[in-house]
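Single-letter residue listing:
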Amino acid sequence: MTTHIEDHGLLRFLTCGSVDDGKSTLIGRLLYDTKAILADTLSAIEKTSQKRGLGAVDLSLLTDGLQAEREQGITIDVAYRYFSTGTRKYIIADAPGHEQYTRNMVTAASTANLAIILVDARKGVLTQTKRHSTLAHLVGIPHLLVAINKMDLVDYDQAVYEKIKADYLEFAARQGIEDVRFIPLSALNGDMVVERGEALAWYDGPTLIQILEAAPAAHTEHAEPFRFPVQYVCRPQDSANPELHDYRGFMGQVESGAIAVGDAVTVLPSGLSTTVKAVQLGGRDIGSAITEQSVTLLLADEIDVSRGDMIVKTDEAPTPVKQISATVCWLAETPMDRARTYLIRHTTREVKAKLAAIDHRLDVNTQEKLPAEKLAMNDIAQVQFKLAHPLFADPYKANRSTGAFIIIDESNNNTVGAGMIL
Amino acid sequence: MSATLTQQPLSHLDWLEAEAIHIMREVAGQCANPVLLFSGGKDSICMLRIAEKAFRPGKFPFPLMHIDTGHNYQEVVAFRDKRAAELGERLIVRSVEDSMKRGTVVLKHEGESRNKHQSVTLLEAIEEFGFDCCIGGARRDEEKARAKERIMSFRDEFGQWDPKNQRPELWNLYNARAHKGENIRAFPISNWTEMDVWQYIEREKLELPSIYFAHQRPVVIRGGAIVPVNVPLVSGELTNLPKAGEAIVELQVRFRTVGDISCTAPVESDADTVEKIVVETATTTITERGATRLDDQTSEASMEQRKKEGYF
Ligand SMILES: Nc1nc2c(ncn2[C@@H]2O[C@H](COP(=O)(O)OP(=O)(O)O)[C@@H](O)[C@H]2O)c(=O)[nH]1
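Residue numbers (our numbering), protein chains in the order written: chain A, 1 to 422; chain B, 1 to 312.
Excised from the complex, chain A in its bound form:
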């Protein structure tokens, strides 16, 4: 008795706001009110009659793990929360809003395709709002949603909403932020979150959950070239089984684009070309694969391929680079040492790298570019790296998978920086 349910996949989004803007309440509201939808969607037997949402639940209890931490002042982490409507699954990355934690927001933003930026209707657009927006934009989140919360405390006044929207749009235009939408909310009462409520009748746009249900998932909006970093090579070398004797499967996840049997491909760095003989999952032929699928590729010719290599389509190969220009966020407590060699990890490839120059630092509060001599924790800067071996990279703006890298300190193996290639 499996009823067919439409599946719109998965959306990862980020919530950001200053302390007390209502982030925990909003997340709690989403987790709580969508449970009824999930039950309705999946309950093939009977429709549940539970009233969605209850007026007097303390919603922030659902996320109070974070609150306890905040009291102790050790909130240095991103928390992940989950909910589903049955037709779509959501992963919320919840980054604490505190001033000094740029690195948490960058971490949380790295996997998000949409950001909800909370604004307290009484306070309007603050420095923090601008900082969060700047970071979300910098990390390439394609869709920003400004949620103007606590509308109940300003009598659900449309004029307040319009003023904040105008202020924000002015800021966004200066920053080149294009895809931004607005919604008035009361997270506390639930207005416009999952239910429309009665109080915001003047707003005729979609509810928050409708926006989330319709938002494009990652990698679905632009055609991207095929990129397949090899993670692992499967060589069963089973002499008892002639079919497996010569089996060489190149295992990885399609970071972008699509691939099918017969496609002409080139392996980097060797530059050797061949065609795809088989696309497999779990040893079974599936013929083709699209972005985000983890598969195994078999090639028509015997070519040496190992972890760290990249398989691309022959007619859309990236140019290898030995010097990169990148926006870097420094994540470690120890500042970057300009004299040292670091390890850059890009897809499955690791190369040694040295800082060649710091072009400028970005002040995330004022959006000003400032000269800089060093990189300390939470700094964001445009820098140049010299690499010991080439990378097969795309600009981050064009490809969030093959444009990104992390910086590793080999002395303690910590991840000390995050980079986006320009």
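Honestly, I wouldn't trust all of these hints.
What the hints assert, rightly or not - Below, a list of computed lysine-lysine pairs in the BS3-like style, where the Cα atoms sit at most 27 Å apart: (1) K59/B <-> K277/A; (2) K322/A <-> K397/A; (3) K180/B <-> K352/A; (4) K59/B <-> K180/B; (5) K148/B <-> K130/A; (6) K386/A <-> K354/A; (7) K101/B <-> K148/B; (8) K148/B <-> K116/B; (9) K276/B <-> K82/B.
Keep in mind the hints are simulated off the structure, nothing from the lab.
Given chain A, put chain B with the ligand in place with the hints provided.
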């Protein structure tokens, strides 16, 4: 935000599966001597299917290992052995009872739950085999304390988890590097919820130990919880005997998790198929929230404590 889509997104289960495969392959690619922890429970059964999809037609690049408390349901232990044999993969079993014999685990009293002592036996096994990474089936939605857990979680030489010393994790670039003696815990299904697990079991038609499905069982009601009694161990010996004066009742129950007998309570249910469990999981979340809220701080604090000591 309306745009013409260049590709249909993967279904949520396909996405989760692809992510989990990617994580397992990163472990295989980055670590020299990993191991996959397999208990015979539903999460680790999903992990085995993911490993098949990740590595077949090759063998798994890691053995399976179970840390056996000696207090496991017969059905689960039998299932564990059967599944490992079907897959043709090596299964290592290390038992808390052996640690007790060695004197490295000392129970405070005979009835004390052995669950938390698993960490000692696990660390002993890690040292014995020189494992540099343990792949586990923990999920972030299991407890609030896990919501911030990394996918690749770093443990120092003493197996300790230091919440302040975890590596930031960005994009899908996982850093599983460790020096000798240090250890990584990798959680490929971190982003799955209980619902996802059941939907995956349904889709993949995965076989499960029978006690996951509704069955009649003698229980007592103790402090509001349903406690199974007179449970036969693998040895045939009965455990969880009722206390004096407790009334035994037969209830229709199923287990949502199948850990150590002394600390896993079943729920009342008539869901005897995976389909019914999926629906029940969806519809009961509303009422279960009440129970979740009862989650006392001590249990969460103790989870953090156990993690610090090297438990998952
Ligand atoms: N009146 C009103 N209060 C709200 C609303 N959203 C949140 N709050 C309250 O604002 C306070 C801070 O909310 P919380 O969710 O903890 O904020 P956070 O710091 O952003 O997580 C709490 O007392 C909430 O009850 C809202 O829409 N209207």
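Hints and how they fare:
| no. | hint | verdict |
| --- | --- | --- |
| 1 | K59/B <-> K277/A | 22 Å, holds |
| 2 | K322/A <-> K397/A | 19 Å, holds |
| 3 | K180/B <-> K352/A | 21 Å, holds |
| 4 | K59/B <-> K180/B | 25 Å, holds |
| 5 | K148/B <-> K130/A | 26 Å, holds |
| 6 | K386/A <-> K354/A | 5 Å, holds |
| 7 | K101/B <-> K148/B | 36 Å, violated |
| 8 | K148/B <-> K116/B | 21 Å, holds |
| 9 | K276/B <-> K82/B | 25 Å, holds |
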